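Trainee: Chain residues, written in single-letter form:
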Amino acid sequence: AAGVIQSPRHLIKEKRETATLKCYPIPRHDTVYWYQQGPGQDPQFLISFYEKMQSDKGSIPDRFSAQQFSDYHSELNMSSLELGDSALYFCASSRLLSSGNTIYFGEGSWLTVV
Amino acid sequence: LAKTTQPISMDSYEGQEVNITCSHNNIATNDYITWYQQFPSQGPRFIIQGYKTKVTNEVASLFIPADRKSSTLSLPRVSLSDTAVYYCLVGLVISGGGADGLTFGKGTHLIIQP
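Chains as they are written, first to last, in the working numbering: chain A, 1 to 114; chain B, 115 to 228.
Bound conformation, chain A alone (with noise of 0.2 Å):
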């Protein structure tokens, strides 16, 4: 089956650099979820989007932004970067289901702030 898809897999920036994360999600699922996870920590939630529209918005830098696009693929992007943003990034996906909502992960982008 086919899972959520996220490039770059690596990606090695310096300080003040911008960077820009893709996600491609599930076939048919119409809601993109952004986490952010640093070495030794849980997972902590972003952004989300539903049909194109923020719906849910969490601990999110100002630094950082993001949209969904009409083919229903994610961006997340980064700017000013700080050795802080360091972290995995991961993508999720799902499709809005009266009786219940499975939220499925990509593997995970791996930024690295030097």
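Honestly, the hints are just simulated from the structure, not real lab data.
Since we're looking at a predicted model, the values are computed, not measured.
Hints may contain errors.
Stated by the list, open to error - In silico lysine to aspartate or glutamate, EDC-like type, Cα no more than 16 Å apart, as pairs:
1) B:K117 x A:D42
2) A:K15 x A:E82
3) A:K52 x A:E75
4) B:K220 x A:D42
5) B:K166 x B:D181
6) B:K168 x B:D181
Assemble chain B onto chain A, guided by the hints.
Mentor: Here is chain B on its own, set in the frame of chain A:
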């Protein structure tokens, strides 16, 4: 969002049944309970989801008492490969404008020994 409390760590042996209990005292009427498994540097993997009573799939069972203030994930006959972090998530999965991002609490580090 309902806060969850799980044991920080658990140990067991191959072939044993493992039960991990999660406490979520302020669970809301519309909240679902979802369990994920995460290996180091990998995306969380969906295990099971339920609303009430008992749910069983090919890998686990989920027991939810009538008051829904706790839930227990049951893993039958564990193997070494079940060593991972297990997260219990509780939240409103469908809202008026889409799905809320589920919040990860502190997961349970399960260690399976030979």
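Trainee: Evaluate each hint against the coordinates.
Mentor: Status of each hint after checking the structure:
no., hint, verdict
1, B:K117 x A:D42, "holds (14 Å)"
2, A:K15 x A:E82, "holds (5 Å)"
3, A:K52 x A:E75, "holds (11 Å)"
4, B:K220 x A:D42, "holds (7 Å)"
5, B:K166 x B:D181, "holds (9 Å)"
6, B:K168 x B:D181, "holds (13 Å)"
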